Amino acid sequence: SAVISQKPSRDICQRGTSLTIQCQVDSQVTMMFWYRQQPGQSLTLIATANQGSEATYESGFVIDKFPISRPNLTFSTLTVSNMSPEDSSIYLCSVVVIETQYFGPGTRLLVL
Amino acid sequence: KQEVTQIPAALSVPEGENLVLNCSFTDSAIYNLQWFRQDPGKGLTSLLLIQSSQREQTSGRLNASLDKSSGRSTLYIAASQPGDSATYLCAVSGGSNYKLTFGKGTLLTVNP
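Note that the protein sequences, when read in sequence, are chains R and E. If you read the first sequence in the numbering used here, its first letter stands for residue 1, the second for the next number, and so on. If you read the second sequence in the numbering used here, its first letter stands for residue 113, the second for the next number, and so on.
Keep in mind the hints are simulated off the structure, nothing from the lab. Model, not experiment: these values are computed from the prediction. Hints should not be assumed to be uniformly reliable.
[As the list claims (entries may be wrong)] In silico PhoX-like cross-links for lysine-lysine, where the CA-CA straight-line distance does not exceed 25 Å:
(1) K7/R / K65/R
(2) K216/E / K113/E
(3) K7/R / K180/E
(4) K180/E / K154/E
(5) K216/E / K154/E
(6) K65/R / K113/E
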């Protein structure tokens, strides 16, 4: 399994600002992802965080809005840029260990 | 595009009852299927992983089945307990990239 921590656990932000979310894993993993869960909805994949190269974004998500860093095999950051109230969501990172996907506790973001 | 549907959206049962949660997916070419539970304000906990070549997996009181050809999976919970109350999510992976497509979940309430 994997133990994943995220910082911050929650935040309230003003429109137009940016927030960087950190994801730390207790072991080296190859596959790491960022998901979003909007209020009342299920999870949607934002991007695959690739170590040493640019992230791979899903349809509807762009690097300018959600820049991702992956400096090593245990850490990644997701930035939510130029936020609007529509960005209010839970943001979760996940990793794959022996075929099973494990999720962090999530970052609860409210944009006013 | 893969779509995952979970029925029912909500279920309320008395303690001790056996129950079945349903998950269907539109594209049968899946790599694996995973069941998660999500507690309010928390992240996701992995319950069971079924590979595409498998028919079922068991863990304690939980049993998950997979019928890939018909695009269906069920999660059977035996002798339900109030602690089982949570949202149960079904997710499928389309390949070894491990990208998950989630259903909207079933909100389970087990009444003491």
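Status of each hint after checking the structure:
no. : hint            : verdict
1   : K7/R / K65/R    : 19 Å, holds
2   : K216/E / K113/E : 16 Å, holds
3   : K7/R / K180/E   : 38 Å, violated
4   : K180/E / K154/E : 30 Å, violated
5   : K216/E / K154/E : 16 Å, holds
6   : K65/R / K113/E  : 24 Å, holds
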